[in-house]
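Build out the structure end to end from the sequences listed, making use of the hints.
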Amino acid sequence: MNGAKVRQQIAFSALGGITLLIVVPIMLVILYIVINGAGSVSWQFLTAAPRNGMKAGGIFPAIIGTILLVLGTMLFSLPLGVLSAIYLVEYARDDLFTRMIKLSVVNLSGIPSIVYGLFGFTAFVLLLHFGTSILAGSLTLAIMSLPVIITASKEALESVPFTYREISLSLGATKWQTIRYCVLPYAIPGILTGTVLSLSRAAGETAPILFTVAAFYLPRLPHSAFNQVMALPYHLYVIATQVPNIPTGISFATALVLIALVFLMNLVSIILRAHYRKKRLW
Amino acid sequence: MVENRSESIASRVKRPSAEAGALASWNRLRRRLGEPIIETCIKLSGLVVVVFVFLIFLFLLKDSLSLFRQYPISKFLFGTEWLPISDPPQFGVIPLLLGSIYVTVWAILICVPLGVGSAMFIAEVAPKHLKNVLKSLVEILASIPSVVLGFLGILWLAPALRDTFHLSTGMCGLTGSLLLAFMALPTIISISEDALTSVPRTYREAAYGLGATRWQTLWRIVLPSASPGILAAVMLGIGRVVGETMVVLMVTGNAPVMPKSILQPLRTLTATIAGEMGETVGGSDHYYALFAVGLVLFAITFAINFVADLFLRRDRK
Chain A
1 MNGAKVRQQI AFSALGGITL LIVVPIMLVI LYIVINGAGS VSWQFLTAAP RNGMKAGGIF
61 PAIIGTILLV LGTMLFSLPL GVLSAIYLVE YARDDLFTRM IKLSVVNLSG IPSIVYGLFG
121 FTAFVLLLHF GTSILAGSLT LAIMSLPVII TASKEALESV PFTYREISLS LGATKWQTIR
181 YCVLPYAIPG ILTGTVLSLS RAAGETAPIL FTVAAFYLPR LPHSAFNQVM ALPYHLYVIA
241 TQVPNIPTGI SFATALVLIA LVFLMNLVSI ILRAHYRKKR LW
Chain B
1 MVENRSESIA SRVKRPSAEA GALASWNRLR RRLGEPIIET CIKLSGLVVV VFVFLIFLFL
61 LKDSLSLFRQ YPISKFLFGT EWLPISDPPQ FGVIPLLLGS IYVTVWAILI CVPLGVGSAM
121 FIAEVAPKHL KNVLKSLVEI LASIPSVVLG FLGILWLAPA LRDTFHLSTG MCGLTGSLLL
181 AFMALPTIIS ISEDALTSVP RTYREAAYGL GATRWQTLWR IVLPSASPGI LAAVMLGIGR
241 VVGETMVVLM VTGNAPVMPK SILQPLRTLT ATIAGEMGET VGGSDHYYAL FAVGLVLFAI
301 TFAINFVADL FLRRDRK
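First to last, the protein sequences are chains A and B. Per my numbering, the first sequence starts with residue 1, numbered consecutively. Per my numbering, the second sequence starts with residue 1, numbered consecutively.
Keep in mind that the hints were calculated from the coordinates and are not lab data. Each residue gets a CB set at the ideal place from its N, CA and C atoms; glycine is no exception. No false leads were slipped in.
Footprint (simulated), chain B over chain A, 3 or more residues, beta carbon under 8 Å: (1) 200-210; (2) 235-249; (3) 260-266.
And the structure:
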């Protein structure tokens with residue numbers, strides 16, 4: 001072995017060591033939460049309301065709240081994001097306006113989540129009089145998840161071969177018919193993958209819902225979109241920092257349920273992606 | 001045209017029932033009206049993102065200006081005291097800005113070498129199956145909610161750091177920096193890895209042809225060629241760290257004072273908004289001051305993302 005080979009060996013081992021330095025903490029974090037939380041997760045914990053100042057009982061209202069928020073977010077952000085991506089891919093010319101849209105998508109994705117919270121509070125809670133409600137929270141989270149949905153949908157639409165459009169147009173279909181029947185069906189799996197991924201982020205966010213929807217302690221279910229709800233991430237924040245003497249088992253179990261929910265959504269997105277790759281026609 | 005003619009022929013041959021006629025005219029109507037409507041919707045949706053960015057800016061600006069009518073903007077931008085509930089209140093943003101800068105600089109110092117190093121490992125060294133495992137692990141890290149990491153920080157990291165550095169409290173800047181570094185890793189790793197793998201094959205082949213080892217090629221050829229992308233990754237990592245709220249709110253000790261060391265409690269711009277918004281009275285100076293802090297954050301992240309986008313664009317060329 002000459003010097004260069006030895007140096008390569010050393011360098012590659014160092015890179016491997018660095019990677020290990022990242023991998024080990026990730027696994028430790030997951031293991032730590034699973035080991036400490038699994039003991040306290042029971043059917044009763046998942047289906048009962050918190051009792052006794054959140055020191056006992058379950059987290060059912062928080063789970064339902066988070067699910068409602070995710071659904072509400074999807075309701076607003078999916079159509080808007082997909083239509084906006086269709087515009088960028090199929091209609092937009094390469095002009096100043098298009099560049100402005102692309103720059104806006106980049107900047108929207110960079111805005112801190114707490115700033116979305118401020119915006120949601122003034123725009124939806126106060127200006128539109130939605131109050132602290134599921135509606136206001138969903139809208140806030142929807143704007144936050146727009147950039148990811150747009151980027152994913154854009155990639156999915158762009159990956160549909162151009163010949164599909166040419167053939168459809170040559171058969172006399174209009175532009176929208178072409179998009180509706182020859183482009184969208186093939187892009188949908190990619191769009192869904194991106195959507196589920198962005199929704200899983202929305203499910204774990206705390207800052208945007210702090211002032212727009214989250215209830216500190218509300219052991220009952222909402223009746224309408226104008227009600228407040230508890231949400232899992234905010235609930236974890238509350239019991240971890242705001243309320244003294246919470247049994248750590250409950251905190252860990254809440255963290256575990258939150259992580260499990262987010263991972264489940266990620267898993268759905270990974271399965272969709274794998275399914276999509278297999279069925280791809282080109 | 002073709003469809004219209006065939007329909008008229010059909011109606012001459014056989015009188016359609018009222019029902020079929022209604023259906024046909026409904027279809028015609030839908031075709032004539034539906035398409036312009038949906039196309040208008042698409043065009044409006046294209047506009048919507050620009051509108052949102054603009055609206056967010058406008059709302060922040062409007063409420064910030066309400067503060068600056070009562071409280072001089074120079075005192076806000078250059079004031080070194082953040083005492084919102086003392087009399088008279090002080091809304092100097094400098095301690096919060098410094099808090100954010102301290103935490104961010106340390107987080108970036110920790111996570112850039114780690115992130116770029118492991119991106120190099122994933123892109124160039126790891127065999128294919130290991131590569132996939134590592135990439136999914138990074139995705140798992142990306143999906144862990146920040147509030148969970150904050151919770152672990154309180155329970156686990158803060159006491160550990162307190163004992164290691166013999167501090168009075170583990171709730172300090174460094175605890176936040178370490179957690180933020182951890183959280184920024186996925187951004188830095190995935191974008192750096194993209195930049196490394198998108199370096200043209202011919203560059204590598206030319207280097208191998210001249211007798212360079214894989215490491216020499218990676219270090220001298222691939223890494224410099226990917227540097228715009230890696231710089232973009234670092235910028236986006238900074239953006240992520242500056243904007244992160246929950247972790248810093250939970251573990252940095254919430255002391256809005258001028259930070260002198262990373263080992264003392266401090267407070268960032270984001271944590272100030274999240275921590276104080278609930279206590280303010282709507283329409284008070286304090287309330288508006290938090291929007292002014294939001295505006296500062298907006299401006300910082302806007303600049304960072306703009307620069308990162310420029311780098312990414314250069315990388316693609």
